[in-house]
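Chains as they are written, first to last, in this note's numbering: chain A, 923 to 1251; chain B, 923 to 1251; chain C, 244 to 590; chain D, 244 to 590.
Certain hints may be false.
[As the list claims (entries may be wrong)] Cut-off 25 angstroms, straight-line C-alpha distance, at most; resulting in silico cross-link-like pairs (SDA-like, lysine to any residue):
1. A:Lys1051 with C:Phe310
2. B:Lys1145 with D:Val290
3. A:Lys1054 with C:Phe375
4. A:Lys1053 with C:Phe375
The set of hints was computed from the structure by calculation and includes no laboratory data.
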Amino acid sequence: MDTGQLLDFYRQMYLIRRFEERAAEQYAYGKIGGFLHLYIGEEAVAVGAIAAMTEKDHLFTHYRDHGYALAIGADPNAAMAELFGKETGTTSGRGGSMHMIHPERNFWGGYAIVGGHIPLAVGAGLAIKHKKEDAVSVAIFGDGATNNGAFHEAANMASLWKLPVVFLCENNRYGMGTAVEYASAVPQMLTKAQGHGIEGEIVDGQDVLAMYAVMQRAVEHCKSGKGPYFIEAMTYRFRGHSMADPESYRDREEVERFRQNDPIPLFKQQLLDAEKASAEDFERIEAEVEEVVEEAVRFADESDFPPPSTIYDWVYFSDGEVGKEPERG
Amino acid sequence: MDTGQLLDFYRQMYLIRRFEERAAEQYAYGKIGGFLHLYIGEEAVAVGAIAAMTEKDHLFTHYRDHGYALAIGADPNAAMAELFGKETGTTSGRGGSMHMIHPERNFWGGYAIVGGHIPLAVGAGLAIKHKKEDAVSVAIFGDGATNNGAFHEAANMASLWKLPVVFLCENNRYGMGTAVEYASAVPQMLTKAQGHGIEGEIVDGQDVLAMYAVMQRAVEHCKSGKGPYFIEAMTYRFRGHSMADPESYRDREEVERFRQNDPIPLFKQQLLDAEKASAEDFERIEAEVEEVVEEAVRFADESDFPPPSTIYDWVYFSDGEVGKEPERG
Amino acid sequence: MASTLADLKSLEEDMLAQIDENGIREITYRQALQEALTEEMTANENVILMGEDIGAYGGSYVVTRGFQEEWGRERVIDTPISELGMTGVATGAAIAGIRPVLEIMTINFSLLAMDQIVNHAAKISYMFGGHFNAPVVIRTAAGWGQLGATHSQTFEAWYAHVPGLRVVMPSTPLDAKGFLKSAIRGDDPVLFIEHSLIYRNRGPVPTEEYTLPLEGSEVRREGTDVTLISWSRGAILAQGAAEELQEEHGISCEVIDMRVLRPLDTDTVVESVKKTNRAVIVEESWRTLGLGAEIAARIQEDAFDYLDAPVGRVGSLEVPMPYARNLERLVIPGKDEVIQAVLQALA
Amino acid sequence: MASTLADLKSLEEDMLAQIDENGIREITYRQALQEALTEEMTANENVILMGEDIGAYGGSYVVTRGFQEEWGRERVIDTPISELGMTGVATGAAIAGIRPVLEIMTINFSLLAMDQIVNHAAKISYMFGGHFNAPVVIRTAAGWGQLGATHSQTFEAWYAHVPGLRVVMPSTPLDAKGFLKSAIRGDDPVLFIEHSLIYRNRGPVPTEEYTLPLEGSEVRREGTDVTLISWSRGAILAQGAAEELQEEHGISCEVIDMRVLRPLDTDTVVESVKKTNRAVIVEESWRTLGLGAEIAARIQEDAFDYLDAPVGRVGSLEVPMPYARNLERLVIPGKDEVIQAVLQALA
Ligand SMILES: Cc1ncc(C[n+]2csc(CCOP(=O)(O)OP(=O)(O)O)c2C)c(N)n1
Ligand SMILES: Cc1ncc(C[n+]2csc(CCOP(=O)(O)OP(=O)(O)O)c2C)c(N)n1
Ligand SMILES: [Mg+2]
Ligand SMILES: [Mg+2]
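If we strip away everything but chain A, and leave its shape as in the complex, we get:
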């Protein structure tokens, strides 16, 4: 892999990190409301995985979606504006943090019902197979989602019909405040996929190159008609589940221990040691990212809220912008 791409991996991870740190700050200022689920600590998973996807592939993820939106190419300005609930946001302020999209790359969201989007991703896999396209559909979800029936029903259908679907499970050891050992009978989520005859593997989700490599294998497996593939990425969320999380369920040392395994400095050191890049390269990249994020906050702040007149737009797609008020308000 050439240095350019390696540095781009770094840039993306660093962008996601800084984007969310600034978002957390804006949340504290009251500029952002509702939920804000930070991806901090898990950036290598999204960046490595997305890098192995092509224009034709489809992506569905859960509410912890800022990393995926940025990695797949959503405009940071639009992403931040969405968090602010502005008309210039990715969904014009309709969806918010949990429902980011990037239709140009078949990134269909950002869903907030745990497990609910997994069948949707399998459905895209069915559409790909029906249209005989050379593509895969990717479902991103957490360890907790594998305890939901939606995952199992979808996994069985994907395996039964040999659909090109990559199941990418981010095992960050917790579902909200419940540790995996209190929610799942089996310690590795991969075991559940195997129960449906799905092949897969467990990887280090803190290693962006490992994520890139495993995703390439998964895509290759699916495109060769072998059916779905399951990736269990072992990772950890450095922050609370959402901004309101008191984190009463885990102790400081545990968090500290995992913080030693921060994918961003790890990768930076790796590149420096391998002399693939210099300290200056990183300073330049980090400075650029600062500007991008600064601009995103400014853009979001200065953008307007959606006009009240648009409140009925798109209730029915067929009505479109005309946004007819339903016969009753």
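Using the hints provided, position chains B, C and D with the ligands relative to the given structure of chain A.
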């Protein structure tokens, strides 16, 4: 095992068979309406399994429940009367064919939403554990039910909490008109249970003694605190899914082939060959059963329909018989 | 399911179109659905059918009988018993650009798919700012017939509450075919509710191709004394009651078939009530919070000064459905209950 | 979830009961729930709590904070994210003789458990001829606050349609505690709906033990000009509007809190309307087919001759909830919308 019990196994299987053959006949006469899911061909599963259960154990099954009701001790008269929708039926004509019960033996029904009763059975397992009782909860369901999320969510909880639950799957090769290979990614349902870390085995469901033995192992496993156990009984339904089934999905030869494997004549021959019983013993038993079934039909036919005045009884258990009409009819 | 063997045997004869006295072709409700599916599958190779037992079994109400032989397993897909998952799969396939028509065997089982229908399909267009849509069509059936408490319900009132969803419940072969074709071609998620007891009903259906917009109710019978409002099988019951009321009591009923339950157009109803000054709603749901509640509430809102009597509502008794046939007959409203309610509204 | 860090910090102070001017103890809605759970768990060792994140996390609205430390993992059970399964497990445990109190994090997720609630828990007693019952208590929360389209809904109207289920939606700490204790001791399945925006509200709650029967609505404020009807947070909104209407417009509103949504007692409402001759219903659901539809339909049925104006209904705009705070504010009815509706009813 003494001859008495062996012959009782035969008597029970023969009773279930004749009870249902008469029920099918009464359905044709229009005495029974709605659904009638016959168990014919699968009798050894219920008889062998129930024989290994004690008074304290709990049982939940699906709509194909006549065999379980009779095997666990429900009065054939009440069972037939229930099919006729009479006040003298097991649920006073409220439930019908799919909702038979025998509370004296903790048989809580008879449920018609595929997979829906599996979590209920796991709940009884939780109650057993909470009350520290020396008992197990048994869930009976088909191959098709294992494709439903309810099964997986319940299986995970049973395994996670090490509950005394026996999952007994009747793999009769079809879910309604869909063959297992078109509904399940894995050929054996046991594989799905293993995905949740549940131990188990596959057995010949046409062999009543094998069913009795495996159920004893399962109960033993659960009571020793090792958590749930999964039994996959390979069996076959000789009749259609329900009375309305045109059976367009399987050919005559297949059915004929499996009919060679009829648990009742098989067991009879086995006992004769082992000289455990004589032709006369069987003639006597069969004659007794004929009378019992004849009486059941007569009883059902002569019983009254539920009084219209009772229509609001038990909507709320707390209202009981007083059956208050809700403020609105 | 509810279809009996006798019913199946008579399918063959059902398949023969009959020509009525005016030389118009009459086909069954079931056949109208089959024509709609066949025409849309022929017109668009991206239209696929999915559902439990729709293939080899032919569908539990035999609507898709023969389809898998004709179109193959790729376009007529038997699904596992996974209501939640298969509804999500169909919705996701729609997002990704194909046109799945999903059959949920009965509306009772749709409760398992509620999250996908309400929190996913219905929200895609709006929640994502109109950037894409999920035009999935979900066919399902209401109905009863000694099927017991969990298999005899009808939940149209719940789905009609949901913004973003289109809900239709046709009572005639004409509407069934026209609505289904529009639903498959449309851009929105549509819940298409059939009724197990009217599949064999016959009605005129043009031989030429046509579609019907998914909106508006229909006056099925003109009248002057009272407005009878219903939908699906209830609309047929209401027309029967109207005839008897005319003959036996000389009461002239205007009968309105709601047809489309969301968006719910009550303008036609209100216009009618302004003329008749009385209204009775007939439905098979439990009365409390059935669709009739909304229609009654709107009538008093929009025709307050025209009402000479309270809007009457006839619904099922508020109990889980008992199996016993004599009790079931008491629970589901029949012609007599409708007639009583009308007489009361006129008292 | 919706509770913010600030909210959490202030929990400590919330925990301190305050004594009002009349020397009556005032505690928060959240604390009232905690007292009910603690008292019932103390009284009956077969009462257990189940739900997602109710243990170490303390519950997403921190209602069960500290309970797992106090009662242990055997009686305060964290469940996997399995709404359908855990609801069935709780129901089965109830059938087998223990008393589970299940928390479904928000009513939005209850759609996944709908089949267990509607086709199982609610039907056990009747479908099995009264031979046994399933006294499961399901606590869940409605509410909103920039939570997006799938996390801002309220579905009480759907559950209130179901025979066999008891549905309560208390607005005060007093009712919350009394109802929850009765629900846990009762013989029927109960859906207990809280509201995320009123957990910190304070109200008088006796120090002595008490329970309240799960029936009947309450007059919260006497009035003569118009009857304002609501429940849960809406009842509080209505009282605020009533005060302003009195002060600013000299309009005397009678405010009725429905409290219990099934069985739905509308007698109190009807009596009130016979006195005021006017009614306005306030709810957070989408207006079409919200609970208000049933209440309006019954008022016109039972107080037809007393109504001087159509029964008014104030509900949410019929759109999936948008995230943008300015749009959300438009969707959910506020004091101004209620006041407008009242003025219109009196116009
Ligand atoms: C069906 C459903 N139940 C509960 C919730 C509340 N909830 C939101 S995120 C979450 C935890 C999910 O954990 P996991 O799948 O591991 O993803 P993670 O947040 O760890 O990335 C829960 C319980 C929800 N959104 N949807
Ligand atoms: C949730 C649900 N979906 C569909 C049905 C309709 N249905 C009744 S039985 C059945 C097949 C079940 O197959 P299986 O679990 O293998 O049991 P079997 O009938 O073979 O004994 C189906 C699809 C139902 N009752 N419930
Ligand atoms: Mg997690
Ligand atoms: Mg089967």
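We went through each hint and held it up to the structure:
no. : hint                    : verdict
1   : A:Lys1051 with C:Phe310 : holds (20 angstroms)
2   : B:Lys1145 with D:Val290 : holds (23 angstroms)
3   : A:Lys1054 with C:Phe375 : holds (22 angstroms)
4   : A:Lys1053 with C:Phe375 : holds (19 angstroms)
Checked against the numbered hints above, the structure violates none of them.
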